[in-house]
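**Student:** Below, each chain spelled out in residue letters.
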Amino acid sequence: MNENKTIKEREEEIVEEFSLFDTWEEKYEYIIDLGKKLEPLDDKYKVPGNIIKGCQSTVWLTSEFKDGKIYYKADSDAVIVKGLISMLIKVLSGNTPDEILGAKLDFLKDIGMMSHLAQTRSNGLLSMIKQIKNYALAYKSTDAIVK
Amino acid sequence: METTTTIKPTFDVNEIRKSFPILEREVNNQLMVYLDNAATSQKPQAVIDALNYYYSNYNANIHRGIHTLAEEATAAYEATRKTVKDFINAKSTDEIIFTRGTTEGVNLVAYTWGRKNISEGDEIIISGMEHHSNIVPWQILCEEKKAILKVIPISDEGELMMDDPIAIGYKKLLSSKTKLVSIVHVSNSLGTVNPVREIIDEAHKVGALVFVDGAQSTVHLDIDVQEMDCDFFAFSGHKVYGPTGVGVLYGKKKILEEMPVFMGGGEMIKEVTFEKTTFSELPYKYEAGTPNIADTIALKVALDFVTETKKDIIRNHENALLKYATEQISAIDGLRIIGTAKNKVSVISFVIKNIHPQDIGVLLDNQGIAVRTGHHCTQPLMARFGVPGTVRASFAMYNTKEEVDRLVVAIKKAIKMLT
Numbered sequence: 001m002n003e004n005k006t007i008k009e010r011e012e013e014i015v016e017e018f019s020l021f022d023t024w025e026e027k028y029e030y031i032i033d034l035g036k037k038l039e040p041l042d043d044k045y046k047v048p049g050n051i052i053k054g055c056q057s058t059v060w061l062t063s064e065f066k067d068g069k070i071y072y073k074a075d076s077d078a079v080i081v082k083g084l085i086s087m088l089i090k091v092l093s094g095n096t097p098d099e100i101l102g103a104k105l106d107f108l109k110d111i112g113m114m115s116h117l118a119q120t121r122s123n124g125l126l127s128m129i130k131q132i133k134n135y136a137l138a139y140k141s142t143d144a145i146v147k
Numbered sequence: 001m002e003t004t005t006t007i008k009p010t011f012d013v014n015e016i017r018k019s020f021p022i023l024e025r026e027v028n029n030q031l032m033v034y035l036d037n038a039a040t041s042q043k044p045q046a047v048i049d050a051l052n053y054y055y056s057n058y059n060a061n062i063h064r065g066i067h068t069l070a071e072e073a074t075a076a077y078e079a080t081r082k083t084v085k086d087f088i089n090a091k092s093t094d095e096i097i098f099t100r101g102t103t104e105g106v107n108l109v110a111y112t113w114g115r116k117n118i119s120e121g122d123e124i125i126i127s128g129m130e131h132h133s134n135i136v137p138w139q140i141l142c143e144e145k146k147a148i149l150k151v152i153p154i155s156d157e158g159e160l161m162m163d164d165p166i167a168i169g170y171k172k173l174l175s176s177k178t179k180l181v182s183i184v185h186v187s188n189s190l191g192t193v194n195p196v197r198e199i200i201d202e203a204h205k206v207g208a209l210v211f212v213d214g215a216q217s218t219v220h221l222d223i224d225v226q227e228m229d230c231d232f233f234a235f236s237g238h239k240v241y242g243p244t245g246v247g248v249l250y251g252k253k254k255i256l257e258e259m260p261v262f263m264g265g266g267e268m269i270k271e272v273t274f275e276k277t278t279f280s281e282l283p284y285k286y287e288a289g290t291p292n293i294a295d296t297i298a299l300k301v302a303l304d305f306v307t308e309t310k311k312d313i314i315r316n317h318e319n320a321l322l323k324y325a326t327e328q329i330s331a332i333d334g335l336r337i338i339g340t341a342k343n344k345v346s347v348i349s350f351v352i353k354n355i356h357p358q359d360i361g362v363l364l365d366n367q368g369i370a371v372r373t374g375h376h377c378t379q380p381l382m383a384r385f386g387v388p389g390t391v392r393a394s395f396a397m398y399n400t401k402e403e404v405d406r407l408v409v410a411i412k413k414a415i416k417m418l419t
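Chains X and H, in that order, are what the protein sequence lines are. Residue numbers for the first sequence follow my numbering, beginning at 1 and rising by one. Residue numbers for the second sequence follow my numbering, beginning at 1 and rising by one.
FYI, nobody ran anything at the bench for these hints, they're computed from the structure. Some hints here could point you the wrong way.
When the alpha-carbon atoms are kept at most 27 angstroms apart in a straight line, the in silico BS3-like pairs for lysine-lysine are as follows [unchecked claim]:
#, chain 1, residue 1, chain 2, residue 2
1, H, K413, X, K27
2, X, K53, X, K36
3, X, K109, H, K413
Far from chain X, by Cβ distances over 10 angstroms, these chain H residues were calculated [said to hold, decoys possible]:
#, residue
4, L31
5, E157
6, K172
7, I337
8, P357
9, D359
10, D365
11, L418
Quick reminder that beta carbons are idealized off the backbone N, C-alpha and C, glycines included.
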């Protein structure tokens, strides 16, 4: 089960899967497939407050904090973005705020998806990661206050 | 008598392509197909050389120096003003103000003419297909002056509604309250060519001035500001094969003379004392500070390149490409072209059923094809058509039929991968 693996291990799993692909088509078909399979976000979460700014496509991100770990759910109207989100959730969901804040996410470079991190207005992956980490930071500080 | 035929009778796109070194570039292991010309056009070698030559041989600050380099740089800078004047057929070089681009041109007029002449209850008319650059400055002005911004509606074909029987079209919006009409000449999102001549005539009848946003039109259409009779006209150098960071604002001399200054500083002054400053004559009145000398000088080379290649011959080529691309692209299943105006140039915008434009853009890029996806800085227009954005292919003089074919194959492949 994914739960017990570290972020690094989960990243390595994805990199391994991508190493089987020879062409860009295979890579993108895989990402598109992940996007299509990502569980759709319930409409009640598709509110303006959950929209990530800075994306050409609309991306909704929501999170839940349970037993010291954060669980993310997300959706997008663009399928490639959705596939990328799906990978990020697979890697980061179910970890502690500290683990998430410390994640370097090198796998994106290793699988050749760095172009999606480019700082152009048309691209949301960077804003998405920022928002994921913002949640982690918020949970970390509120958790510290409660404790 | 013997006649000489120095003008090339036909247009050889392969010859033209040799002038643009970037077109040899590979993207994702394939020869790049550049179809994002409405965003910015590529630069001919001569323009790149002009920049290089300026910095290598006669870089100097202009207008004040008495040394040789300053004289050379000043002459080259002012030669561009003369070329621009001819390119858009202005009456005088006094009417040519160098800016950073179209956006600065709009803002200059909004901040100077606008602040002097717009007051509470006045009306400014724009259209539903404006670029954000031709919306926001007027919105800011209207908010400040309690003036009213009115918008010409757009038909399903992507044309301005001029005198629609039901909708409140342009002619119904015009009144004695109208002080300014600011209108895009060619839509960057749709390619629609607007009837500016008619718009200007109607506006002048009620005493309103007209600003024409020529960002997209200047590279494709013959621009004659005197014949058009517009009061202001603005364009950007980088969309006319020139460098980024230089643009032009044209204004009728009388209006420019009466307008208050924009930015204060060096270059735009006649005499400065701590009690009072007097300002330079046109066109320097609006050019504060050291201008963008190098890029302005290279802009002349770009405009000369277009003039020598001949605009009507370029236009024929681009129109043929647009026609061919429209036929080929509309035949794709589930594809809908946004903007089907009768009079169009260079741009095809489209959406595909159940597919986000961004997904198409990513997969085209992987096939070495550069298009623009998104709202193209025209969010109200996208809302009008009920789409989050479009995929936009836009053509320039160096694009080919083969590139259109590659685009069509690539779109089909993207659709297959996404469905």
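**Student:** Look at each hint and say if it fits the structure.
**Tutor:** Going down the list of hints, with the structure as the test:
Of the pairs offered as hints, the one joining K413/H and K27/X holds, with about 15 angstroms between alpha carbons and a cut-off of 27 angstroms not exceeded. Distance restraint check for K53/X and K36/X: the Cα-Cα separation of roughly 22 angstroms lies within the 27 angstroms cut-off, and the hinted pair is therefore satisfied. Proximity of K109/X to K413/H is assessed by CA-CA distance (about 25 angstroms); at most 27 angstroms being required, the pair is judged to hold. Residue placement check: L31/H keeps its beta carbon more than 10 angstroms from all beta carbons of chain X (closest about 16 angstroms).
Remark: the non-interface label on E157/H is consistent with the geometry, its nearest Cβ contact in chain X lying 26 angstroms away (cut-off 10 angstroms). Chain X leaves K172/H outside its interface by the beta-carbon criterion, the shortest separation being 35 angstroms against a cut-off of 10 angstroms. With a least beta-carbon separation of about 20 angstroms from chain X, I337/H lies farther than 10 angstroms from that chain, consistent with its non-interface assignment. Chain X draws P357/H into its interface by the beta-carbon criterion, the shortest separation being 8 angstroms against a cut-off of 10 angstroms.
Chain X draws D359/H into its interface by the beta-carbon criterion, the shortest separation being 5 angstroms against a cut-off of 10 angstroms. Some Cβ of chain X comes within 10 angstroms of the Cβ of D365/H; the nearest lies about 8 angstroms off, and the non-interface call is violated. Separation of L418/H from chain X is inadequate, the least Cβ-Cβ distance of about 6 angstroms not exceeding the 10 angstroms criterion.
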